[in-house]
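Colleague: Quick mapping for you: the protein sequence lines, in order, are chains V and U. Residues in the first sequence are numbered consecutively from 1, following this note's numbering. Residues in the second sequence are numbered consecutively from 204, following this note's numbering.
Treat the hints as calculated values from the structure; they're not laboratory data. A quick note: this is a predicted structure, and the numbers were derived from the prediction, not measured. Heads up, a few of these hints could be off.
Sample of chain U residues with no beta-carbon within 12 Å of chain V, all distances over it, derived [said to hold, decoys possible]:
| # | residue |
| --- | --- |
| 1 | 216 |
| 2 | 219 |
| 3 | 242 |
| 4 | 252 |
| 5 | 258 |
| 6 | 261 |
| 7 | 299 |
| 8 | 351 |
Short derived list, chain U residues pointing at chain V, Cβ under 8 Å [unchecked claim]:
| # | residue |
| --- | --- |
| 9 | 212 |
| 10 | 235 |
| 11 | 244 |
| 12 | 247 |
| 13 | 275 |
Cβ atoms here follow ideal geometry from the backbone N, Cα and C, with glycine treated the same way.
Protein chains: 2
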Amino acid sequence: MPLPLGYPQPLEELIRSLRRLPGIGARTAERLALALLEWPEADLQALGQSLSTLRARLHPCTQCGNLADTPLCLICANPQRQTELICVVETAAQIPVIERCGSFRGLYHVLGGRLAPLDHRGPEQLRLAELHQRLAAGNVREVILATSSDVEGEATAAYLAMDLQRPGLIISRIASGVPVGADIGFADPATIAIALRARRNLG
Amino acid sequence: MPLPLGYPQPLEELIRSLRRLPGIGARTAERLALALLEWPEADLQALGQSLSTLRARLHPCTQCGNLADTPLCLICANPQRQTELICVVETAAQIPVIERCGSFRGLYHVLGGRLAPLDHRGPEQLRLAELHQRLAAGNVREVILATSSDVEGEATAAYLAMDLQRPGLIISRIASGVPVGADIGFADPATIAIALRARRNLG
C-alpha cells in the first residue's frame with residue numbers, strides 16, 4: 001500500500017494509475033494529475049472517453065496485423081503501396097518507426113512477438129499461418145525480415161528465413177551496423193564486429 | 204495541424220491529448236499511448252472513468268478551498284488539527300507540499316491565486332472574504348503567509364499583512380533563504396541577499 005499523498009481519493013486514484021506508465025515516477029504522476037485538473041472539463045471528458053474506448057475502437061488489421069480502426073489498416077488499404085514487398089516486424093508499434101524513414105513503400109506483416117524459447121514462445125504463437133497465406137496468394141516477390149537485432153530477434157529471423165522459403169521468393173534481412181550519426185566510440189563491441197563483417201567496398 | 208504519425212485515428216487522438224501535458228513531448232506521448240494500449244481493458248476503462256469524472260468528484264473544501272471529495276477537506280475535517288493556526292497558500296496544490304514536511308498541524312486557506320496587477324488579478328479575485336469570515340468567527344491566533352517568494356507572491360503577502368490586521372492576531376511570513384541541502388554556489392544573488400539579511404545569531 002503506497003503512502004497516501006494527502007490528496008482526496010479521486011486524485012490519489014488518478015496519481016496511482018499514472019504511476020504505472022513507463023518513465024512516470026511519483027513526482028511526475030502528481031504533477032500530471034494536478035495539470036489534468038486544470039484542463040477544461042470538456043477536454044478531460046474527451047481524454048477519459050478516448051482511453052475508455054481505445055481498445056474497442058482499435059483492432060488488428062485483418063491482413064497484416066497492424067493497429068487499425070477499419071478492417072484494413074491505412075497501409076494495406078492504400079492502393080499506392082507495393083503489394084509485392086512485405087516487411088515482417090515483431091509488433092505494430094515498430095511500423096511507424098519504419099514508415100517515418102519514408103523509403104519503404106511495400107506492405108507489412110506483424111508477427112505479434114518473436115521466438116523466445118525461455119518464455120515458452122514458439123512459432124505457433126506468431127502470426128505465421130497468416131503470412132504463409134499471403135505468400136501463397138501470389139504476387140509477393142520479397143520478404144524483408146525487420147525483427148530486432150538482438151538474440152531473440154536474430155533467432156526469429158533465422159527461423160523465418162527457413163520457414164518462409166519457396167521458389168522465386170527473395171528473403172532479406174535489414175542491415176545491422178553502427179547507427180547513422182553515432183560516434184564509433186560509443187558503439188558496443190558486438191555492433192562494431194557486425195559492422196566490420198558487413199563492410200562495403202568503396203572502390 | 205501536426206504531422207500525422209501513421210497511427211489509426213483513436214491512437215493519434217490519444218497521442219495529441221497526452222502531448223498537452225507538461226513535460227510530455229512528441230516521443231513520450233507516443234510511448235505512453237502505446238504503453239496504455241498494452242494495459243488490461245479493465246484498467247484502461249478505470250483510468251478513463253477516473254479522468255472523465257475527476258472534476259465532478261472534486262470540489263473546493265467549503266471552509267478552506269482545498270481539493271475535497273467531501274464538503275470539508277481531509278484536513279479541515281480532522282479534529283486533531285490546531286484550529287487557531289491558519290496557513291495561507293496560493294493554490295490547493297501547494298498544501299501537500301507543506302503537509303509532507305510533517306511539522307505543520309494547523310489549517311489552511313487557499314487564496315485561489317495571487318495579486319498580479321499586470322494580469323488584472325486584484326484582491327477581489329482572491330478568496331479573501333472567506334478568510335475574513337474565518338478570522339471573525341473567533342479563535343484564530345496566527346495567520347502564516349505561505350505565498351511564493353517571488354515578486355507577485357511577496358506583493359500578495361504584503362497586501363494580506365495589511366488587509367488581515369486585527370487586534371491580537373499574529374501575522375507571520377515563511378522564511379526565505381538558501382534551500383536546505385543546496386550548494387551556496389548555485390544560489391541566485393537575490394536569495395543570497397535575503398539569506399544574509401535574515402541571518403540568525405548563533406551565539
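Colleague: Now, for every hint given, state plainly whether the structure supports it.
Modeller: Hint by hint, here is what the structure shows:
Separation of residue 216(U) from chain V is inadequate, the least Cβ-Cβ distance of about 5 Å not exceeding the 12 Å criterion. With a closest Cβ-Cβ approach of about 9 Å to chain V, residue 219(U) is found to fall inside the 12 Å limit, against its non-interface label. Not every CB of chain V is more than 12 Å from the CB of residue 242(U) (nearest about 8 Å), against its label as outside the interface. A cut-off of 12 Å between C-beta atoms contradicts the statement that residue 252(U) is not in contact with chain V; the least separation is 6 Å.
With 12 Å as the threshold on Cβ separation, the claim that residue 258(U) sits away from chain V is violated: the shortest Cβ distance comes to roughly 5 Å. At roughly 6 Å, the least C-beta separation between residue 261(U) and chain V is not larger than 12 Å, which violates its mark as non-interface. With a cut of 12 Å on Cβ distances, residue 299(U) falls inside the contact zone with chain V, its closest approach being about 5 Å. The claim that residue 351(U) lies off the interface holds: its Cβ sits roughly 16 Å from the closest Cβ of chain V, which is beyond the 12 Å cut-off.
Interface hint status for residue 212(U): upheld, as the beta-carbon distance to the closest one in chain V is roughly 5 Å, under 8 Å. Here the hint on residue 235(U) is kept, as its CB sits about 5 Å from the closest CB of chain V, short of 8 Å. The closest approach between the C-beta of residue 244(U) and any C-beta of chain V is roughly 5 Å, which is under the 8 Å cut-off, so the hint is satisfied. For residue 247(U), the interface hint holds, since its Cβ comes within 8 Å of a Cβ in chain V; the closest pair sits about 6 Å apart.
A least Cβ separation of about 11 Å between residue 275(U) and chain V goes past the 8 Å threshold, and the interface hint is therefore violated.
Hints 1, 2, 3, 4, 5, 6, 7, 13 from the earlier list are contradicted by this structure; the remaining hints agree with it.
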